[in-house]
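Asks: Residue numbers (my numbering), protein chains in the order written: chain A, 5 to 284; chain B, 272 to 447.
To be clear, the hints were calculated from the coordinates, so they are not data collected in a lab.
Cβ atoms here follow ideal geometry from the backbone N, Cα and C, with glycine treated the same way.
Heads up, a few of these hints could be off.
SDA-like, lysine to any residue: derived pairs with alpha carbons at most 20 Å apart [said to hold, decoys possible]:
1) K339/B to R106/A
2) K44/A to D291/B
3) K57/A to A412/B
4) K107/A to R341/B
5) K112/A to D291/B
6) K122/A to D304/B
To be clear about the criterion: a stretch of chain A counts as covered by chain B if any three or more of its residues have a C-beta under 8 Å from a C-beta of chain B, and this derived list gives those stretches [to be verified]:
7) 80 to 91
8) 227 to 237
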Amino acid sequence: MRRVKAREIGRLVSGLCVEANVRLRPDVKAAVAAAVRREKGAGAKEALRMILKNADIARAEKIPICQDTGVAVVFAEIGQDVIITGGSLKRAIDNGVAEGYRKGRLRKSVVRSPLSRKNTNTNTPAVIHTEITPGDRVRICVMPKGFGSENKSVIRMLNPSDGEKGVADFVVEAAGNAGPEACPPFVLGVGIGGTFDYAAYLAKKALLRKVGSPNRDRRLYSLEKKILKSVNDLKIGPMGLGGNTTALGVSILSRATHIAGLPVAVNVNCHATRSACGAI
Amino acid sequence: MKKLHLPLTDKEIRRLKAGDSVLLSGALYTARDAVHKILSGLIKNRKKLPIPIKGAVIYYTGPTPARKGRAVGACGPTTSARMDEFTPPLLAAGMRAMIGKGRRSEAVRQAIKKYGAVYFLAPAGCGALISEKITSVKLTAYRGLGPEAVYRFEVKDFPVVVGIDANGRDIFKRRS
């Protein structure tokens, strides 16, 4: 058994909140740089160059890449041989988020109730996904999720017979409807299978994967490439002003599901696809 | 690249065409969801507004808190469509330019045409880059709204693209 202090987890979360918001993920930055080369139009190239310049300024000046520093989505993988001491895991994570959003001068964008809408002024509560894994490590990923893109995310319960084509068409439709408001070029997280809620969870988790990295499942990798091409054929382009780059990548996570079901969720993310991970 | 000084004259506004790249300098006010609802209520009830609305340039943004020594934190544009419902009355009251992100409704496009206004697009998702163009910030109204408060920004060479011009031409569509 290994003892890990709740407060240490909180400290890790705090640092990751700031890092994720200030340092654009290298894989995302590389994908944007590659897209500049692929674009023909001056406007599209300039829009992508501004995104790269923005990332450089954010990192150098320690200001957030985007003012929507989002809801803090925290993926916590807790080894089952870990004993967390000194307080509740949930409170430690929330305290870590509050501290990170305070120290990092990030925006407090969370309201206590979706109906009465009073700002909590701490950017908590965080959205926490906890997984118990083998071993004795604690691994945390913080994903600030902005709502320009989140508001364009969709889920549908397809028919099993809709198959790959049905999935592809749904994702492309989602990208088309996301439009300029979700700040293209997008990174699209897709969850297939599971249940209604699990597909959505998979779609968001899929956004953690490095853009441009191959899917371990050959069939899914082929589907990802097909969907990416179709999304780029929409020609929505960077910032919705037209061009070859409507999405930087498509990432699919798939799970066993019911014989009568084919749930598909699309979690849209913008070009500021942000996450930072660390371990104790 | 056209350089314009805020506030814009009617002539300057009418000369702009959807797709034009412009650098704006001068003063503007920030306002988003909550403030738009408040302002439209004040207009409806013929109450005094906390900002001079005639000729006003409104930027849809909710900035992050500023670091020491900086005027403002990251302050890119938020999705304009959420303010669509409240835009025609503000245009009727004298607002002349809006800066935001994304598409507007047909009602807004018609109102922009009717009142001879302009809708600019700020670089979406580039909050850090835009913050460098803000030279000073003054909290103007609704302090309790935090990032959603009204701020007066002094800007220099703020890069925008004309989204909808005074003739109703829309960069995201072919119609006028």
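Asks: None of the hints should be skipped; say for each whether it holds.
Replies: Comparing the hints with the structure gives:
no.	hint	verdict
1	K339/B to R106/A	holds, 13 Å
2	K44/A to D291/B	holds, 19 Å
3	K57/A to A412/B	violated, 32 Å
4	K107/A to R341/B	holds, 15 Å
5	K112/A to D291/B	violated, 34 Å
6	K122/A to D304/B	holds, 14 Å
7	80 to 91	violated (count 0)
8	227 to 237	violated (count 0)
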